[in-house]
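**Student:** If you're matching them up, the sequences are chains W and S in order. With the first letter of the first sequence counted as 1, position 276 gets the number 276 in this note's numbering; the numbers rise by one all the way through. With the first letter of the second sequence counted as 1, position 244 gets the number 244 in this note's numbering; the numbers rise by one all the way through.
Please note that a few of the clues may not be correct.
To give a feel for the contact side, a few chain S residues facing chain W, derived at Cβ under 7 Å [what the hints assert, rightly or not]:
| hint | residue |
| --- | --- |
| 1 | G112 |
| 2 | V156 |
| 3 | E159 |
| 4 | E175 |
| 5 | V179 |
| 6 | G183 |
| 7 | E187 |
| 8 | S194 |
| 9 | V206 |
Derived CB-CB ranges, DEER-like [stated by the list, open to error]:
| hint | chain 1 | residue 1 | chain 2 | residue 2 | range |
| --- | --- | --- | --- | --- | --- |
| 10 | W | A296 | S | G158 | 15 to 23 Å |
| 11 | W | V156 | S | D145 | 23 to 31 Å |
| 12 | S | I306 | W | G95 | 48 to 56 Å |
| 13 | W | V156 | S | L78 | 31 to 39 Å |
| 14 | S | T279 | W | G73 | 22 to 30 Å |
| 15 | W | G183 | S | L93 | 38 to 46 Å |
| 16 | W | V156 | S | L93 | 47 to 55 Å |
| 17 | S | E82 | W | E307 | 31 to 39 Å |
| 18 | S | K66 | W | S63 | 51 to 59 Å |
| 19 | S | T251 | W | P186 | 45 to 53 Å |
| 20 | S | D325 | W | N143 | 55 to 63 Å |
Coverage of chain W stretches by chain S, computed from C-beta distances (three or more under 8 Å per stretch; other residues unrestricted) [as the list claims (entries may be wrong)]:
| hint | segment |
| --- | --- |
| 21 | 82–96 |
| 22 | 134–147 |
| 23 | 161–168 |
| 24 | 198–212 |
If you're looking for bench data, these hints aren't it; they were derived computationally from the structure. Each residue gets a CB set at the ideal place from its N, CA and C atoms; glycine is no exception.
Number of protein chains: 2
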Amino acid sequence: MAASGIRLTRSVRAKPCRSTSVKQVLALAKPPRQQSVLRAVATAQPITVPDATKFDFEQYMGSTAKKVNEALGVAVPLEYPEVLTESMRYSLLAGGKRVRPALCLAACQAVGGSAEAAMPAACAMEIIHTMSLIHDDLPSMDNDDFRRGSPTNHKVYGEDMAILSGDALLAFAFEHIAVETKGVAPERVLRVISELARASGARGLVGGQVVDIKSENVEVGLDTLEYIHLHKTAALLEASVVCGALVGGATEEQIERMRVYARGIGLAFQVIDDILDVTKTTEELGKTAAKDLASAKTTYPKLLGIEKSKQVADDLIKNAIAQLDDFDPNAAAPLVHLAKFIGYRQN
Amino acid sequence: MAASGIRLTRSVRAKPCRSTSVKQVLALAKPPRQQSVLRAVATAQPITVPDATKFDFEQYMGSTAKKVNEALGVAVPLEYPEVLTESMRYSLLAGGKRVRPALCLAACQAVGGSAEAAMPAACAMEIIHTMSLIHDDLPSMDNDDFRRGSPTNHKVYGEDMAILSGDALLAFAFEHIAVETKGVAPERVLRVISELARASGARGLVGGQVVDIKSENVEVGLDTLEYIHLHKTAALLEASVVCGALVGGATEEQIERMRVYARGIGLAFQVIDDILDVTKTTEELGKTAAKDLASAKTTYPKLLGIEKSKQVADDLIKNAIAQLDDFDPNAAAPLVHLAKFIGYRQN
Chain W
1 MAASGIRLTR
11 SVRAKPCRST
21 SVKQVLALAK
31 PPRQQSVLRA
41 VATAQPITVP
51 DATKFDFEQY
61 MGSTAKKVNE
71 ALGVAVPLEY
81 PEVLTESMRY
91 SLLAGGKRVR
101 PALCLAACQA
111 VGGSAEAAMP
121 AACAMEIIHT
131 MSLIHDDLPS
141 MDNDDFRRGS
151 PTNHKVYGED
161 MAILSGDALL
171 AFAFEHIAVE
181 TKGVAPERVL
191 RVISELARAS
201 GARGLVGGQV
211 VDIKSENVEV
221 GLDTLEYIHL
231 HKTAALLEAS
241 VVCGALVGGA
251 TEEQIERMRV
261 YARGIGLAFQ
271 VIDDILDVTK
281 TTEELGKTAA
291 KDLASAKTTY
301 PKLLGIEKSK
311 QVADDLIKNA
321 IAQLDDFDPN
331 AAAPLVHLAK
341 FIGYRQN
Chain S
1 MAASGIRLTR
11 SVRAKPCRST
21 SVKQVLALAK
31 PPRQQSVLRA
41 VATAQPITVP
51 DATKFDFEQY
61 MGSTAKKVNE
71 ALGVAVPLEY
81 PEVLTESMRY
91 SLLAGGKRVR
101 PALCLAACQA
111 VGGSAEAAMP
121 AACAMEIIHT
131 MSLIHDDLPS
141 MDNDDFRRGS
151 PTNHKVYGED
161 MAILSGDALL
171 AFAFEHIAVE
181 TKGVAPERVL
191 RVISELARAS
201 GARGLVGGQV
211 VDIKSENVEV
221 GLDTLEYIHL
231 HKTAALLEAS
241 VVCGALVGGA
251 TEEQIERMRV
261 YARGIGLAFQ
271 VIDDILDVTK
281 TTEELGKTAA
291 KDLASAKTTY
301 PKLLGIEKSK
311 QVADDLIKNA
321 IAQLDDFDPN
331 AAAPLVHLAK
341 FIGYRQN
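Kindly produce the complete structure, drawing on both the sequences and the hints.
**Tutor:** So this is what it looks like as structure tokens:
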């Protein structure tokens, strides 16, 4: 696979990805002509975090997850053919922090929109996330038997049902937005659909997943690593935030701020994932530690060292929060706390 | 699997499917209280086929396929990561009659719309059809090595890429409609998206595929057979026609007529498929003949006999064409000929 890996790296260098890179994104808020994330974040300005002492983040996440779980349960009922809808619900209602829906609802709130208007889009984010996990776990992909301590979808329902459940969930996400989003201009709903579809496909998480697979056991550079994480992880976080903002009636400038915010926390999420893999035990993580080392995977700590990686993550989070400076501090408090939650998580 | 098969059959009987059944659909044009397709079509009225002596169907299909192929090639360019987009294009541009896009464009034309407005939706129909073929061919599904004489997607690109290509195509279909449909009211475009998404998911082709898989080597009744074909085959044909009509500015009554038309030809398509499997040789079909018999699959000829099955198909086609009586005969000529093409095909 070495040849393929080299080609991938070259491709990334030879032609810019269609989607704006972190560099370009950070450039919106920074002096021009920065050449890498590292240099970009190194010049981050001091940030003003809205005073949100009264904001109870745990309570917010708990009540949001509850509402999202209820909405998901209603959106995907158990119906004929039961073997299919049961399999869809098995993975969809398996718990989790519901970070993507929370980001979507919080972004909507940050621009003055209502949670009701954003709930279908918020659910769609979780539906797409779930389908990507079901397919990623398949034997021909990551071949995982367990997820969050439970057997993976294909271990319970078979590989054929797992593939079909993922397909059904993917299609349903768009139907759900199109049919259930109320009180929002249809042009905006169409933008939400195209934003999410793009984030889900070849120019989003599928593209990231493909480059990740083809980079296994291959030395790749920072550009390719960034491509993988911006697409595999950050794209759906970005869609979550941008779609919430779109539904909430954001201005174009607000949408672009939200985009920078989301890419920052998306990339930071992955840098931190790499750091935790090296620094934490399997018990602390709740999943196998040192997995990246075992699989000879390229990571931020390997490329930059742990201290520098921590600095990158920290700067990305600070820069993300700085994007929210011009928003109402109270309305933006959930987004600020979500960034910190991602930036300072320990597992 | 016998227990599961029995349960499925019972479910179909115990509770009506959410989507309107053929019976209900035919009832729109027929006296009420018909209980089965057979009885429904037995009472079909004499039909008036628009005089379309000047219409060159072969030329129409050829030029339509050419335009659709060009549009598909532009819609899904070869770009980074090339292994993914090459795999998507491999299956998408592998030829075929492009029946679904033709139905979409013809339906748009039948209500006075322009082909340009319907082209993104027409492409989306083929994109969804292609993704369903890629996933159906997978080892854990039908495990097919060849399709139209060429190796299946996973035989060329591997199982992981085939799954991911299908996912990327599915997501892209909705993005393409949302971004590229021009000159159509956004509310209509949203209806197109929800119509197609529904047809692609658990209440459409994925649902049909699941019941088909779970009915293998199980004796199922006519209700279940109808469910399978209405969902696995007819749903996407229906979406093609209805979405074309929606984009073309059809009235609600025209849309319902189109829906009945499409369900009729969709079900007829499958009845004829079953008949051809019994009556034709492998050479004549271009695929393995008598496959259904070998796999102990429930088919229309098995349930009704060949002659009765032929009568059902014929009546379904005639009833479909009868739905077009109130349309301008010239504008509707392509739809009439498409119905005949499906009804009287020999392979």
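**Student:** When I compare C-beta atoms, does the segment 198–212 of chain W have three or more residues closer than 8 Å to chain S?
**Tutor:** With 10 residues in contact (Cβ-Cβ under 8 Å with chain S), the coverage given for the segment 198–212 of chain W holds.
**Student:** Quick check on the hint: V156(S) CB to chain W CB, less than 7 Å?
**Tutor:** violated (14 Å)
**Student:** Could one say that the CB atoms of I306(S) and G95(W) fall in the range 48 to 56 Å?
**Tutor:** holds (53 Å)
**Student:** A range of 31 to 39 Å was offered for this pair. Does it hold for the Cβ distance of V156(W) and L78(S)?
**Tutor:** Given range 31 to 39 Å: holds, Cβ gap about 38 Å.
**Student:** In terms of beta carbon proximity below 8 Å, does the segment 161–168 of chain W have 3 or more residues touching chain S?
**Tutor:** holds (count 6)
**Student:** Minimum Cβ distance from E187(S) to chain W below 7 Å?
**Tutor:** With Cβ-Cβ at 5 Å, under 7 Å, it holds.
**Student:** Given a cut of 7 Å on the nearest C-beta pair, is the interface hint for E159(S) held or broken against chain W?
**Tutor:** With a minimum Cβ separation of about 4 Å from chain W (threshold 7 Å), the hint on E159(S) holds.
**Student:** May I ask you to test the hint 31 to 39 Å on the CB atoms belonging to E82(S) and E307(W)?
**Tutor:** holds (36 Å)
**Student:** Should the interface hint for V179(S) be scored as holding, given a Cβ-Cβ cut-off of 7 Å against chain W?
**Tutor:** Holds, because the Cβ-Cβ distance from V179(S) to chain W comes to roughly 5 Å (cut-off 7 Å).
**Student:** Okay, V156(W) versus L93(S) on CB: inside 47 to 55 Å?
**Tutor:** Given a distance of about 37 Å, which is not inside 47 to 55 Å, the answer is violated.
**Student:** Between K66(S) and S63(W), is the Cβ distance one that fits in 51 to 59 Å?
**Tutor:** holds (56 Å)
**Student:** Holds or violated: E175(S) as interface residue toward chain W, Cβ cutoff 7 Å?
**Tutor:** holds (3 Å)
Violation of the numbered hints given earlier is confined to hints 1, 2, 6, 14, 16 and 19; the remaining hints are satisfied by the structure.
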